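4 protein chains.
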Amino acid sequence: MNTNTSRQGQPFQAFEIGAQQGLDSLRQVTRDTPDIPPGEVLVRVRAAALNHRDLSILKGQYGARKSETRVPGGDGAGEVVAVGEGVDGVQLGDRVTAPHFVRWIDGEYDPAVFVADLGSSRDGWLSEYILLPAAALVKLPDGMSDEDAAALGAAGITAWTVLQTLGQMKPGDWVLTLGTGGVSILALQIASIAGARVAITSSSDDKLAIARELGADITVNYRKDPEWATTVRAATGGRGVDIVVETVGLATLEQSLSACAPNARVGLLGALGGRPEDGVQLGNLILGNVILKGITSGSRRMLEDLLTAFDTNGVQPKIDRVFPFAETPAALDYLANARHVGKIVIAG
Amino acid sequence: MNTNTSRQGQPFQAFEIGAQQGLDSLRQVTRDTPDIPPGEVLVRVRAAALNHRDLSILKGQYGARKSETRVPGGDGAGEVVAVGEGVDGVQLGDRVTAPHFVRWIDGEYDPAVFVADLGSSRDGWLSEYILLPAAALVKLPDGMSDEDAAALGAAGITAWTVLQTLGQMKPGDWVLTLGTGGVSILALQIASIAGARVAITSSSDDKLAIARELGADITVNYRKDPEWATTVRAATGGRGVDIVVETVGLATLEQSLSACAPNARVGLLGALGGRPEDGVQLGNLILGNVILKGITSGSRRMLEDLLTAFDTNGVQPKIDRVFPFAETPAALDYLANARHVGKIVIAG
Amino acid sequence: MNTNTSRQGQPFQAFEIGAQQGLDSLRQVTRDTPDIPPGEVLVRVRAAALNHRDLSILKGQYGARKSETRVPGGDGAGEVVAVGEGVDGVQLGDRVTAPHFVRWIDGEYDPAVFVADLGSSRDGWLSEYILLPAAALVKLPDGMSDEDAAALGAAGITAWTVLQTLGQMKPGDWVLTLGTGGVSILALQIASIAGARVAITSSSDDKLAIARELGADITVNYRKDPEWATTVRAATGGRGVDIVVETVGLATLEQSLSACAPNARVGLLGALGGRPEDGVQLGNLILGNVILKGITSGSRRMLEDLLTAFDTNGVQPKIDRVFPFAETPAALDYLANARHVGKIVIAG
Amino acid sequence: MNTNTSRQGQPFQAFEIGAQQGLDSLRQVTRDTPDIPPGEVLVRVRAAALNHRDLSILKGQYGARKSETRVPGGDGAGEVVAVGEGVDGVQLGDRVTAPHFVRWIDGEYDPAVFVADLGSSRDGWLSEYILLPAAALVKLPDGMSDEDAAALGAAGITAWTVLQTLGQMKPGDWVLTLGTGGVSILALQIASIAGARVAITSSSDDKLAIARELGADITVNYRKDPEWATTVRAATGGRGVDIVVETVGLATLEQSLSACAPNARVGLLGALGGRPEDGVQLGNLILGNVILKGITSGSRRMLEDLLTAFDTNGVQPKIDRVFPFAETPAALDYLANARHVGKIVIAG
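Protein chains in written order, with my numbering: chain A, 656 to 1003; chain B, 656 to 1003; chain C, 656 to 1003; chain D, 656 to 1003.
What the hints contain is simulated information worked out from the structure, not anything from laboratory work.
Predicted model only: the values in this text are computed from it and were never measured.
Glycine is no exception: its CB is placed at the ideal position from the N, C-alpha and C atoms.
It is possible that some hints are incorrect.
[To be verified] Just a few of them, taken from the derived set where beta-carbon distance is under 10 Å, the chain A residues facing chain B:
{"no.": "1", "residue": "K825"}
{"no.": "2", "residue": "P826"}
{"no.": "3", "residue": "G827"}
{"no.": "4", "residue": "D828"}
{"no.": "5", "residue": "W829"}
{"no.": "6", "residue": "L869"}
{"no.": "7", "residue": "D872"}
{"no.": "8", "residue": "I941"}
{"no.": "9", "residue": "T963"}
{"no.": "10", "residue": "F965"}
{"no.": "11", "residue": "T967"}
{"no.": "12", "residue": "N968"}
Same shape as in the complex, but just chain A:
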């Protein structure tokens, strides 16, 4: 089947970042629909979702991209409108998404996945059209909206990796997750689906109220209660939590470790808070035989499992706000100000 000819050369709208860096460097441009390489498909984007990773890319703090232009956006969903040569099992009209590391199909993390990273080393979803390798596609469950699939994306894969792959979560486990950003709220939702108990922190009682509605068992305002880890441990009957989704990083890790039960598993996601040169005291890791692992997103298989988990349990990812495509810069600004609970989505 050669369905490669339908849109070639037709213009479409996209956001683009160029050589300069910073949130201001984003500009809306017109591009021409490219040829579709063998093994790839062209997708009409219906929804995209934002992550802190997108802000880091815009600031030049993530990946090696420096001089070329690039369409940002690691997460999205849309409809297949053209199919390259040698593609099996994908039909025009299929509703699809993909992991931002489009070569990470299954198995363990491999730094080689960065060579094909949507929004960083490869054009991403903040565009009307996107090229994707067929091998990376995940079909959307029938009942799932494009917005919801986009919202799960990288944040959901990351939470899933911590809870399932590293955490081996089982019903009844205690999960601690920090803040109300995308990863943390999706971790809360996944844990609730799986019958685990959740403790969550925030500086806002309003956000914590939303977290309780989403299933949180313990909510702690870390501004009012700086010894939040002690509070969390007490709430578990003194034993501590089984899994930590350490979304903040080095600045909070010592406290997270002090909330851990023996053999707990802690997924360390990065350095939103804290600087790499900050040292972390690890006494509690030794005493509790705790496992700490650096986590960098996950595979296509995890994304497929994640979509299935939400779809079959009738749970929708918590979306804070949906912006139209043209207001993408405003959406990124909203993300940077951290007023949200859950995901920020672009639709259109």
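Since the structure of chain A is already known, use the hints to place chains B, C and D on it.
Leaving out everything else, chains B, C and D in the frame of chain A:
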């Protein structure tokens, strides 16, 4: 602390099996409260639960017991009324249960666990009092009744082993379980708690209706639909199930295997149906790279995790009927006739 | 870099199978060097290795190929002579091999890998040149010959999957492997490298003598000793073996299971011996809580680990005989007659 | 069988620590052979081995013991001379050892194991006789000396836990281990048995020469080469090591992490070097998705597997020096001065 003196020598009631075999061999007797060995505790039994294993023991088909007398009963819960020397961390009045393999604390199956097997090589729960090693005790969560803790017991541990230890169950997985006996119904309940989907079979539409109320997604009457595995596979969209709780055994295994997705995990519990000399065709196991494992109950750690999972999710194990202590023989007869859905409990 | 032009259109020699089936259907042909698709490389074949899978393909018993022509050969090694667009990290002159399922990069078995299967759904190694996806390539360690790399291939990956991925082999474990074909002898060599003990069977004392030289601890002639599993169990001190590489399949599985220690892991490779309709008694699987899994080859990551294991331990895969390229039909005939110990290689 | 009477009340020699702390607090005393509790055995000690843990206990830095007297010594081997009631499967004359956490039979770390810890919360091996729970015993392989079994003990279990349980070591893996103390040298020996490659550090070229004889592939004098991690990484071809046995702890962890390959596993054993309040930079853990776990010894099952691995591979644990029983204080002093390579053993 020597709390060893309170009841020594006082009489109590128990059921006992002797040299002869069969359900008729059970008799109610009066025993004297024994000395409590170091490291053990005396428990006033508040509830016991029955398993097919108890019928097999009565028939002389399980374990090596032949000539001595023995109190049957692998599952139960009660209150600590006396504590032997050298016991740490157990208080008078603690409400406790234990795995029937009282030396299986954690880790893998080891045939050595049969040397201390409640109801078989060691006196069990169908009695007013029972001696238990302190190391095997699991404390009941505050809100859990003795009946519910007893009902979870061996059947729940077995289902947990298949779903969690072997099955690595995650939300969205498809679980197939056969029949509406204790293991199967508890597997259904555990899978529901964990956000998995469940297909279940029975010869009775009434039983299947109860299974649906307990959360089953697919119910198949295997009497009306002898090609039940084909039906189950179709209901999963053609992909097949991820985990099978093969409660029947050799007689149904070929069909179970034909319902499996690639890399599915099948826990084979025994030989309720089928004879050991029956051969099983394994073509589907090879094609699907399916994992098949023989399963023999589980450890104290699993029992503790199991109680936590039910307690913290506010789910009660499905109890079909509760019999008073004196009617234990009638309860065993009721079990043998397989009219139940879930567990049969003795309280008193 | 476009190095795509060097050989296009130049003729080369290959073996080919057409519509008809059977060993006789193989014929030597001249082909023209194709264009190199994006993401692929052209490799000058220096060595290929044979497997029973190749015989099955020739007989039309494996895969879906029926009518088109196809170059057989799942295993080989050679030198990169041209590189397609978009290929990172591969240089002209690199010495490489690949798993026959060229899309299985990492992670679990997925039946989708059959769509790109060297020698079956995609042209294989029995040719002077082969096209390979860059993502599938494994570079040869400096000191490893092309013949040795080819010899490891599918048979080594399969043995590795059973011993490492399924078997979780550790030093001191007992491994049972059947026969002296490629998979079995490579399993013996891998187990020896890893400090495990090996029991191996054969109908030939001469072959068993070679197995002993390669490190086998126990050798049993199953023709002279039909109760070979009893002999193997006795040799382990009565406890049984920890891992079985069940190369024969259904015809020997019952005996293999009877040689197993508790919690043993058995990799069932196929149906060389026995028919799918033959039933297998599984009583020993239940009693010993044994794990049985169907195994279908493995991933690029496993192949890379395998090459590293042999290279760094200074062990060469046992090659029975090397045939020149033109004598490929004779080599396949030699394989079909099962006189070999280890691998049969084509070089040239 | 009641073999409980043979030695009761007879005097024997032991070393003992009392209320005061420090190496000087050790004194040789005469004790009377105790009654043997049900489930326990009396063992005539033939060999003991020393660990830094023993020094910590003497200094009052490990465990809760403060005021009572205690026989130190976590590792040893000897002969069963009397058996308590209810003990199955142990014969007079059996040569045995046990893990120092005598209640850790199998499965995961549980802080509850500290309640029965040889040499700390329970009398240990620096004595002519020791009481041991039958459930904790491991029989010595026929060909293994008491000295070798004692030398494996806690240090070997710890190395095994890092390499096998956490590390999932496979042939060809790179292992980094620090220093030439007991854990590090046993890690080197286990890794060599399993076909892995080893990099090891020391401040002494003489010790490194011994390490090379024992199989080390890379040896680095960290005094001469303060950037030892860079050297180790370079020696692995730039990729880094797969497993780290971090025997020193916080003082060296940052460098260890910088030597790690992606997905490496690091077992952090304690705080020989560095203070708990020292912070550790974890940037390399995040970048490489490295796993870091606190490790506290291991189970009876691991000890059994460890003895089997050495015995069946014909490898003897590296013993630096053997002291007679009466010179135990001198042996501890020798350990404290860290001039040894491998284990220090007491025999007699």
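Next item on the list: Report the numbers of all earlier hints that the structure fails to satisfy, in ascending order.
Entry: 6, 8
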